[in-house]
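Student: Start from chain A and add chain B according to the hints.
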Amino acid sequence: MKSLQERIVGLDVLISARLGGVSVSLQPIPGAVPVVQAVIGGREELPIFITASDDQILCICYLWTEAEIVPEKRVELLELLLDLNPSIPLSSFGHVDNRYVLYGALTQDARADDIACDVATLSDNALDALEALSSYLL
Amino acid sequence: MSVIGKMVTLLRGSARELGDSIVDANGARIYEQEVLDARNAIAKAKGELTGVMAKEMQSAREIERARAEIERLEKLAVEALDKEKADLAEEVAAKIAEQEAELDAQTQSHANYAIQVGRLKDLIKTSEARIREQEREVQIAKTTENVYKATQAISENIGATGSKLISAKESLERIKKRHEDLADRMTAAETLDKEFGLKALEAKLAEAGIGENIHRKEQVMERIRARREAAAEAKA
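From first to last, the protein sequence lines are chains A and B. Residue numbers for the first sequence follow the working numbering, so the first one is 468 and each next one is one higher. Residue numbers for the second sequence follow the working numbering, so the first one is 8 and each next one is one higher.
These are computed hints drawn from the structure, not numbers from a lab. Bear in mind that the values here come from a model prediction, so they are computed numbers and not experimental data. Among the hints, a few may not be true.
[What the hints assert, rightly or not] DSS-like mimics (lysine-lysine), calculated; alpha carbons at most 27 Å apart, straight line: (1) 469/A x 132/B; (2) 51/B x 102/B; (3) 540/A x 183/B; (4) 224/B x 211/B; (5) 156/B x 176/B; (6) 183/B x 469/A; (7) 128/B x 62/B; (8) 102/B x 53/B; (9) 540/A x 176/B; (10) 90/B x 102/B; (11) 51/B x 132/B; (12) 51/B x 62/B.
Pulled out of the complex, with its shape left as it was, chain B reads as follows:
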């Protein structure tokens, strides 16, 4: 069964026991051992694969060599017959027969090696898939263990420091109140600034017709008029 499957079963029973059973250190170790075994199997299969592939190549070369040798010997046998040396031709034919037997043997091993290569490649593929699956399971088991232990540590810490956990609603209210207080303080500061600060002074000065900004409109109008006149002159 998958780890998630086990967790569902346990959760249906008692959530409290979950921490102890699923995240059991021995359980995690068993998974780790399985991953280790699968890794060893892969390493072994890869080693074997190299050897078998080398033998496969060797047998291919042997087949080529035997075929070439048979071809060469057959030519020699024909030449011997041409020169009416039947004895010699027979001797060569015996050699050819030997080579043919060798060729058959090599062809047979070559086919066997090819089957072995395919089998090893499949084995590696399935082992790798198994490792991925098991690593995921270890990850889930360890994370569950971690979360439960962390929660335990946090709960104990809260208990030890005497800062008891307040309710969620209470927390929310405190945070909101603090934010409101801050907003109120900022509004108050702004009001104060308006009344007693620089802004208040500037407002009073403007009211009394004192300050840089008083004649701004007039200044702008003057600038616009001057521009219009300059344009008119340029036209004339």
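Chain A with its partners taken away, still in its complex shape:
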């Protein structure tokens, strides 16, 4: 089985091409599982993390923490996220620990270009979602 590093060879160029030539840098994150951070020029605050298990590749963007939600709007926001989920192309909202995430899942056989497509779409979606939902955040 290919490692995550092998699978993402040339991914920076592919993501850049999909986002109109912006700079993209890939950086491995040390830890128990393979994680690579993709930083997209102009969106440095919203990096995409790519991680792989035996069965799938996950691209994750961390949106906000539990503490950042306007308390009285929390339930409304959660319902909204569920409603939005089916409509958002390739990405879904999720909750890991106390962080809200937007993520895309791919088969472990995905080509680098498929991963690039997912990362680029995820980045667009994350920025879009932050803007659309910022009234629910402190």
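Tutor: Showing chain B alone in chain A's frame:
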């Protein structure tokens, strides 16, 4: 209980404990062992199935052989009676009886083999379904483990590099500001270009009636007139 069922129970209790309990390495290993056991059961059942199917075919051939033999012997017995050799006919009848006993035995085993084949095929089918289900469970458990570990690594990395996580709103504002800055710079560049660049010079030249584009309209009109005249001449 399914893995999703377990996750729901755990999530209702404490989400924090989820990472430790559901994705417990031993838990994942138990599932893997179950998958391995089911695979071994399938391999064994398939081996047995081949053997039983071979025996089923053998018994079918034996049945055919016994029937043919009985048929042949009966003809011989009739011939013996025709030739008034009752002793011989009796001897043949004894052989026929032996063959009939053999035929009954083979028919019985054939039926048993057929039942065994059906049973083994069912066993393989259910084991394969069980493997699919368990592999899905392992996949969910491993993915959960992976996501939590990845989040841990990312959080630790952010902590270690000193680049603290800024709030989502702050991130959004920074990104938007950067985009606005870029848009402003582009507008400014365009304005500058208009004022001092080639465009400004060309505009001034045109104003002064200098340049290629000044007489364009006249040139076009001339061309149209010439064309009209040529058409008129051709008609005449």
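Student: All the hints need checking, so say for each whether the structure fits it.
Tutor: Each hint, compared with the structure:
1. 469/A x 132/B: Violated, at roughly 32 Å.
2. 51/B x 102/B: violated (41 Å)
3. 540/A x 183/B: holds (24 Å)
4. 224/B x 211/B: holds (19 Å)
5. 156/B x 176/B: With a Cα-Cα distance of about 26 Å, the restraint between residue 156/B and residue 176/B holds, given a limit of 27 Å.
6. 183/B x 469/A: violated (38 Å)
7. 128/B x 62/B: Judged against 27 Å, a Cα distance of about 16 Å means the pair holds.
8. 102/B x 53/B: Since the Cα atoms of residue 102/B and residue 53/B sit roughly 39 Å apart, the hinted pair is violated (cutoff 27 Å).
9. 540/A x 176/B: holds (16 Å)
10. 90/B x 102/B: OK: residue 90/B and residue 102/B at ~19 Å, within 27 Å.
11. 51/B x 132/B: Cα-Cα ~13 Å, so holds.
12. 51/B x 62/B: holds (17 Å)
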